[in-house]
Amino acid sequence: MAESKEKLFDQFPPVSTQEWKDKVIADLKGADFDKKLVWRTNEGFNVNPMYRAEDIAGLHTTDSLPGEYPYVRGTRTDNNWLVRQDIKVTDVKEANAKALDILTKGVESLGFELSKDLISVENLGTLLHGIDVEKVELNFSSCMKSTVKLAETVAAYLKTTGADLTKISGSIRFNPFKRMLTKGRDFADYADQAVAIIAAVKELPLFRVLAVDAVMLNNAGSFISQELGFALAWGNEWLAALTEKGLTVDEVANRIKFNFGISSNYFMELAKFRAARMLWAQIVKQYNPACDCACKMKAHAQTSEFNQTVFDAYVNLLRSQTETMSAALAGVDSITTTPFDKAYKEPDDFSERLARNQQLLLKEESHINRITDPGAGSYYVETLTVSIAEQAWKLFLEVEDKGGFYKAVKEGFVQNQVNASAETRHTNVARRKEILLGTNQYPNFNEVAGDKITKGEACGCGCGKHDDHHCEPEFPVLNTKRAASDFEALRLATERSGKRPSVFMLTIGNLAMRLARSQFSANFFACAGYKIIDNLGFETVQAGIDAALEAKADIVVLCSSDDEYAQYAPEAFKLLDGRALFVVAGAPACMDDLKAQGITEFIHVRSNVLDTLRSFNEKLSI
1 MAESKEKLFD
11 QFPPVSTQEW
21 KDKVIADLKG
31 ADFDKKLVWR
41 TNEGFNVNPM
51 YRAEDIAGLH
61 TTDSLPGEYP
71 YVRGTRTDNN
81 WLVRQDIKVT
91 DVKEANAKAL
101 DILTKGVESL
111 GFELSKDLIS
121 VENLGTLLHG
131 IDVEKVELNF
141 SSCMKSTVKL
151 AETVAAYLKT
161 TGADLTKISG
171 SIRFNPFKRM
181 LTKGRDFADY
191 ADQAVAIIAA
201 VKELPLFRVL
211 AVDAVMLNNA
221 GSFISQELGF
231 ALAWGNEWLA
241 ALTEKGLTVD
251 EVANRIKFNF
261 GISSNYFMEL
271 AKFRAARMLW
281 AQIVKQYNPA
291 CDCACKMKAH
301 AQTSEFNQTV
311 FDAYVNLLRS
321 QTETMSAALA
331 GVDSITTTPF
341 DKAYKEPDDF
351 SERLARNQQL
361 LLKEESHINR
371 ITDPGAGSYY
381 VETLTVSIAE
391 QAWKLFLEVE
401 DKGGFYKAVK
411 EGFVQNQVNA
421 SAETRHTNVA
431 RRKEILLGTN
441 QYPNFNEVAG
451 DKITKGEACG
461 CGCGKHDDHH
471 CEPEFPVLNT
481 KRAASDFEAL
491 RLATERSGKR
501 PSVFMLTIGN
511 LAMRLARSQF
521 SANFFACAGY
531 KIIDNLGFET
541 VQAGIDAALE
551 AKADIVVLCS
561 SDDEYAQYAP
571 EAFKLLDGRA
581 LFVVAGAPAC
591 MDDLKAQGIT
601 EFIHVRSNVL
611 DTLRSFNEKL
621 SI
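Residue numbers for the sequence shown follow the UniProt record's numbering, so the first one is 1 and each next one is one higher.
Don't read these hints as lab results, they were simulated from the structure.
As the structure is a prediction and not an experimental result, all values here were calculated from the model.
Watch out, some of these pointers could steer you wrong.
[Said to hold, decoys possible] Beta-carbon label-pair distances, calculated as ranges:
#1 Glu423 with Trp20: 45 to 51 angstroms
#2 Arg353 with Glu447: 21 to 27 angstroms
#3 Phe33 with Leu100: 58 to 64 angstroms
#4 Lys245 with Ile131: 32 to 38 angstroms
#5 Lys167 with Lys105: 22 to 28 angstroms
#6 Glu19 with Asp534: 44 to 50 angstroms
#7 Lys105 with Arg579: 56 to 62 angstroms
#8 Phe33 with Lys167: 55 to 61 angstroms
#9 Asp534 with Thr77: 31 to 37 angstroms
Even for Gly, the Cβ is constructed at its ideal location relative to N, Cα and C.
Between the sequences and the hints, there should be enough to build the whole structure, so can you do that?
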């Protein structure tokens with residue numbers, strides 16, 4: 001029966017790449033193919049609009065299976081990642097009750113952040129009471145100076161439980177580079193402390209204690225290839241420094257845990273994790289481990305905080321959902337989905353529940369956990385994997401040429417590179433080249449957010465004091481300002497000023513153009529929290545100006561077509577006579593002539609939205 005089936009694909013002749021491209025060029029009607037459809041990534045390589053089998057013919061990323069070296073397709077033969085939720089412990093009994101509760105709601109991995117005062121065997125007994133330590137991944141963190149004590153205490157407590165220590169998995173986050181990256185303070189004895197921490201957990205073979213917190217770079221606005229390149233150098237710093245202390249590469253590699261961030265660049269992030277496993281395996285292999293299993297990367301992923309917003313905060317759910325899906329499809333070991341309200345308050349039960357359910361939707365309804373490496377063989381994903389790997393590897397080698405990650409951080413190289421990228425991204429947000437829905441594009445016109453912000457800005461130096469002497473860094477630090485923060489400051493300034501400027505749309509002339517430009521202008525000015533007064537259209541300029549003055553508008557925006565501006569703009573400007581700020585929506589060919597007549601304000605797609613709105617705030621004394 002099967003042999004008699006008609007072979008449908010034999011009826012269609014093969015189509016070459018050139019034939020496809022010729023068809024696309026014809027549909028472009030003269031537009032340049034490369035300029036119109038090929039885009040340049042922040043990572044430094046081009047992305048084409050289509051990929052075919054010939055594009056991956058020479059790649060070796062398709063040569064292995066899941067669970068096989070170099071682990072590009074995953075370190076496991078399944079995709080059952082762990083759903084993680086972190087708990088900030090202020091009271092051990094309350095934290096225990098919360099942990100027991102969320103373990104019944106889909107959480108499989110717990111993260112506990114403890115102050116140094118709470119580190120004791122007795123407190124851990126209370127904290128973990130009723131939790132099956134062999135079935136739940138346990139992750140602990142505290143201040144850096146207390147990490148050795150924390151490791152010793154965790155090991156001591158787990159020995160008292162009677163559990164099989166070889167089956168207890170988790171981590172203790174030892175990240176001395178956090179102090180260097182965020183506070184500019186040296187941590188020269190990091191290797192000696194790391195050796196002590198590894199010794200403390202020697203009877204817990206599944207506990208990872210050496211952190212590579214690349215999520216810090218992600219939250220600071222790094223490009224994807226930077227996060228990966230610096231993460232690899234960070235991991236290699238642990239390998240190099242601790243093997244010099246006498247530990248074997250297997251002992252070190254099996255204690256390293258990578259904590260990555262996830263940005264909203266969906267396919268690029270998916271490819272990042274595949275590239276990360278592949279490159280890390282090859283780095284560890286160079287140290288000649290006794291077992292290839294030492295080359296497996298343990299990767300935790302956390303959705304980005306850099307792109308979280310205060311205004312229209314529920315949009316954060318959309319961003320974090322696609323981010324979570326990227327990491328899930330990429331085969332990471334565990335995921336933390338950041339609650340949507342973390343940017344402006346301590347997450348509550350509602351936001352934490354939503355965050356958990358975002359992962360459960362992917363597991364229980366989409367069944368993503370039942371498919372291992374679904375991106376394998378995709379011409380696009382495989383090409384992205386190799387392209388990101390190449391860029392990250394170049395950066396890794398550059399860091400190694402500087403003497404390794406520790407020296408690169410101490411010299412400020414890592415911080416300066418990431419801060420420069422973040423500055424580029426902030427500029428792109430200001431110009432709407434990078435969109436933050438609800439913040440710099442399509443804002444909620446009438447939202448007021450000041451009252452819901454309860455999270456204040458702290459000193460961040462960890463010294464407990466706020467004078468310049470104690471906070472002065474010894475070398476550059478990461479700038480952790482979120483992408484939306486400048487727009488939020490602008491809009492909050494409008495809120496706190498006690499006055500809300502009115503922007504009146506004087507729509508006239510060509511129907512399609514006046515509607516399009518009034519919508520553009522309304523979204524433009526609403527980003528600063530201004531009141532928008534839109535209109536269907538006016539028969540005359542005089543009627544529009546009269547209506548604007550009656551509405552007591554602070555700003556009047558003329559919305560029409562380029563051809564009609566030469567007539568309408570001078571008339572409207574003259575009739576308004578300085579009783580409100582006058583703006584032309586667009587960049588018409590007659591712009592220079594209009595400027596010569598005193599019309600100076602124009603808004604268009606090439607405008608720096610942030611700087612333009614700041615200037616209007618200044619003109620309006622906000």
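Checked hints:
1. A hinted range of 45 to 51 angstroms for the beta carbons of Glu423 and Trp20 is inconsistent with their spacing of about 39 angstroms.
2. Here the CB-CB span from Arg353 to Glu447 is close to 23 angstroms, well matched to the stated 21 to 27 angstroms.
3. With their beta carbons about 59 angstroms apart, Phe33 and Leu100 fall inside the hinted range of 58 to 64 angstroms.
4. Between Lys245 and Ile131 the C-beta distance comes to about 34 angstroms, which sits within the given range of 32 to 38 angstroms.
5. For Lys167 and Lys105, the Cβ-Cβ distance of about 24 angstroms falls inside the hinted range of 22 to 28 angstroms, so the restraint holds.
6. A hinted range of 44 to 50 angstroms for the beta carbons of Glu19 and Asp534 is consistent with their spacing of about 47 angstroms.
7. In this structure, Lys105 and Arg579 meet the distance hint of 56 to 62 angstroms, their C-beta atoms being roughly 59 angstroms apart.
8. For the pair Phe33 and Lys167, the beta carbons lie near 57 angstroms from each other, so the given range of 55 to 61 angstroms is met.
9. In this structure the hint that Asp534 and Thr77 lie 31 to 37 angstroms apart at CB is violated, the actual value being about 57 angstroms.
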